[in-house]
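Asker: With chain A fixed as given, assemble chain B onto it according to the hints.
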Amino acid sequence: MASSDKSPAPIPARGPDRTPPGQPMTTGQKVIDKGASMMQSLTPVKQMSQHVCTFAVYSHEMSRHIETHHYISRLNQDFLQCAVYDSEEPNARLIGIEYIISDRLFETLSEEEQKLWHSHAYEIKSGLWVNPRIPEMIGKPELENLAKTYGKFWCTWQVDRGDRLPLGAPVLMMSPQGVNLGKIDPELVKQRDDKYNISTEAIKESRVEIEEPEWINPQADYWKQHGKGFAVDIEQTEMKLRAPFP
Amino acid sequence: MSNPPQVLGEQTQTGTSVLETATGTIQDFRPIKRIHQHLCAFHFYGYDMTRQIEAHHFCAHQNEEMRQCLIFDGPEADAKLIGLEYMISENLFLTLPDDEKPLWHSHLYEVKSGVLFMPRIPGPIERMELDKVCITYGKTIHFWQVDKGDNLPVGLPQVMMALTRDGQLDDELARDVEKRYGVSFEEGRGKRVDLTGPVHGIHPLANGGGKGLKPKLREVDCKPIDSVPRAFV
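Listed in order, the protein sequences are those of chains A and B. With the working numbering as the guide, the letters of the first sequence map in order to residues 1 to 246. With the working numbering as the guide, the letters of the second sequence map in order to residues 1001 to 1233.
So here's chain A without its partners, still in its complex pose:
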């Protein structure tokens, strides 16, 4: 009934306008929000301590690339969880979630599971992955660690195809890589660079000494060895019940 690789019908939910449809926030709502945020601690969200701007590729259609904004919280040395948005603006659209794990944890996953993950070494060494407004020097030691990690990124809102609401099944995303289908459209990179007044090329130069991981598990970046991407289908099925539904 819904597949991540099928385009939905063009109805008001798709269109050129970037903003989601809907009435602007009323004053009343703003007052409620203000009140709530004063009384509630919102602790898990306050753990987000890093903003990263990078790029991702749709695994089922690798000609489509997007710029992503990750807001990251660290659960421990080996594990990061990221809320992913399409921009850094206050009205940015929440487009998915990425999990980032160390190579150590990655090796504990089954082979079937590993296929859904991607490596980060190229993305970081190439300068595509940046912490906006943070001097490179500060980020460098941590990038050594991150270069060895693997990520799993599900995208739930395909904004680049004009969806004004989050439609369809979630999509598995892949990371930029140094070969053919993994190379990011230079125009997209330039737009990002201009926005932050940085140069991905220059950043790449400065990251030359960051060590490549000794080995990247071939199950990750599945398309590279196997020429296959992944789509998710959401199918109707019998529901296991404990009471009548709906």
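Certain hints may be false.
[Unchecked claim] Derived list of chain A stretches under chain B, where covered just means 3 residues or more per stretch with a C-beta under 8 angstroms from a C-beta of chain B: (1) 46-54; (2) 60-69; (3) 86-95; (4) 197-211.
In short, the hints are calculated from the structure, not lab data. All residues carry an ideal CB built from backbone N, CA and C; glycine is no exception.
Answerer: Same frame as chain A, but now just chain B:
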């Protein structure tokens, strides 16, 4: 969750924190700062009502008719980010294609029954909010099956459903949540009797169209590189 699985991994090292102290101080987090509300509710798996989970929503308004929420398995600093939910008005829901509508669930029952609540928010303010939530539809995807005891987010994304009638919510889970947050669902229900739902009634295609929903993974061929007009290959 009262006994969540422990996420795998070593304790955070000091060196790692140096970057994160810098980023935490210098960078702005504007999309995150828009998150203004904490809402607690229950979800169950789209194909299995017996697997239910307490879901902590941290919500931001895109506009008056749309919210986007990060879902954690608890309200504490070490809570796991297990999914997300989009909430839209009835008007927006009606614009969705028919094959999209089943992925969205109604909120009327969980609000009126008292099981959806906003921790620490006084009744009258909570009530103003619930008036609106009552009429919305939600699309919830979970990526981490903590109820199975998974200590890493393995597997496929799961479309989740919301409660739609009495008898669905597991008693033990309900009592446990009430106890931990000092709330009474019965009391909440009593105060929400007059809340009204979607103007057009709950759409028959919502809530899976009355059926279960299950994800399946499919391999697709990558288009050969030559078919993609690229100057920079």
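Asker: Does each hint fit the structure? Answer for all of them.
Answerer: Each hint, compared with the structure:
Counting residues of the stretch 46-54 of chain A whose beta-carbon sits less than 8 angstroms from any beta-carbon of chain B gives 6, enough to reach three: the coverage restraint holds. Counting residues of the stretch 60-69 of chain A whose C-beta lies closer than 8 angstroms to any C-beta of chain B gives 5; at least three are required, and the coverage claim holds. Only residues whose beta carbon comes within less than 8 angstroms of a beta carbon in chain B count, and the stretch 86-95 of chain A has 8; three or more means the coverage holds. With 0 residues having a beta carbon nearer than 8 angstroms to a beta carbon of chain B, the stretch 197-211 of chain A misses the requirement of three or more and the stated coverage is violated.
When the structure is compared with the earlier hints, a violation turns up for hint 4 alone.
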